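So for the sequence shown, our numbering puts the first residue at 1; every next one is plus one.
Think of the hints as simulated: they come from the structure by calculation, not from any bench.
These numbers were taken from a predicted model, which means no experiment stands behind them.
Be aware that a few hints might be false.
[To be verified] When the alpha-carbon atoms are kept at most 25 Å apart in a straight line, the in silico DMTMM-like pairs for lysine to aspartate or glutamate are as follows:
id	residue 1	residue 2
1	Lys32	Glu56
2	Lys32	Glu85
3	Lys32	Glu11
4	Lys32	Glu22
5	Lys32	Asp76
6	Lys32	Glu78
[To be verified] Pair ranges (Cβ atoms, derived):
id	residue 1	residue 2	range
7	Val58	Val83	23 to 33 Å
8	Gly16	Asn105	15 to 25 Å
9	Thr101	Val6	13 to 23 Å
10	Arg20	Glu47	38 to 48 Å
11	Asn9	Leu50	17 to 27 Å
12	Arg109	Glu47	14 to 24 Å
We put the beta carbon where it would ideally sit given N, CA and C, even for glycine.
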Amino acid sequence: MRINVVTCNFENNGGGVPHRWERMHQRLRSLKPSLLFRQEMWGSEHEGSLVAYRAENVLGLRGWLGQGASTAVFADTELLTPVREWQERGNPWVMPPTALTLRLNPAGRTPCPSWRPPSTSTTPHPHAARPKRSG
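All chains, full assembly: derive it from the sequences and hints.
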């Protein structure tokens with residue numbers, strides 16, 4: 001299985017020049033990304049997120065637009081399933097990232113292995129660093 005991850009910082013989202021925007025998104029599509037990270041998504045949230053939905057259609061990927069339309073994540077939902085979106089809550093980001101959890105479909109429905117609290121036993125893990133002996 002191959003997962004193709006692409007990132008693109010497209011200055012000012014093409015600067016309002018339609019042919020520049022179209023050419024960049026066709027180029028991105030030609031890379032066949034499984035996961036695409038976009039920066040400078042300015043204006044994508046206007047007019048009912050028209051530009052964001054247009055990007056989804058051109059790329060053939062599902063997209064999530066971050067707070068303030070500064071970033072976006074696009075994913076191939078045949079390979080990756082969204083599990084959770086993480087909302088920005090008072091952190092110091094000037095341009096907050098788009099944050100979400102995606103599950104790799106071939107890995108199964110459980111997004112991560114079962115977690116258990118550490119054991120209270122005194123038996124060290126076999127790979128744990130052993131204390132140095134003095135003397």
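Hint check:
A threshold of 25 Å between alpha carbons decides the hint, and for Lys32 with Glu56 the separation of about 13 Å falls inside it, so the pair holds. At most 25 Å may separate the alpha-carbon atoms for a hinted pair to count; Lys32 and Glu85 meet this at roughly 24 Å. Annotation: proposed proximity of Lys32 to Glu11 holds, straight-line Cα distance about 21 Å (limit 25 Å). Using a Cα cut-off of 25 Å, the hinted pair Lys32 and Glu22 holds, with the two alpha carbons roughly 16 Å apart.
Using a Cα cut-off of 25 Å, the hinted pair Lys32 and Asp76 holds, with the two alpha carbons roughly 9 Å apart. Of the pairs offered as hints, the one joining Lys32 and Glu78 holds, with about 13 Å between alpha carbons and a cut-off of 25 Å not exceeded. Between Val58 and Val83 the beta carbons are some 25 Å apart, a value that agrees with the proposed interval 23 to 33 Å. For the pair Gly16 and Asn105, the supplied restraint of 15 to 25 Å is violated, since their beta-carbon distance comes to about 37 Å.
For Thr101 paired with Val6, a C-beta distance near 19 Å keeps the hint of 13 to 23 Å intact. Distance hint check for Arg20 and Glu47: the Cβ-Cβ separation is about 19 Å, which falls outside the suggested range of 38 to 48 Å. With their beta carbons about 22 Å apart, Asn9 and Leu50 fall inside the hinted range of 17 to 27 Å. In this structure the supplied range 14 to 24 Å is violated for Arg109 paired with Glu47, their Cβ-Cβ distance being about 37 Å.
Hint compliance for this structure: hints 8, 10, 12 are broken, all remaining hints hold.
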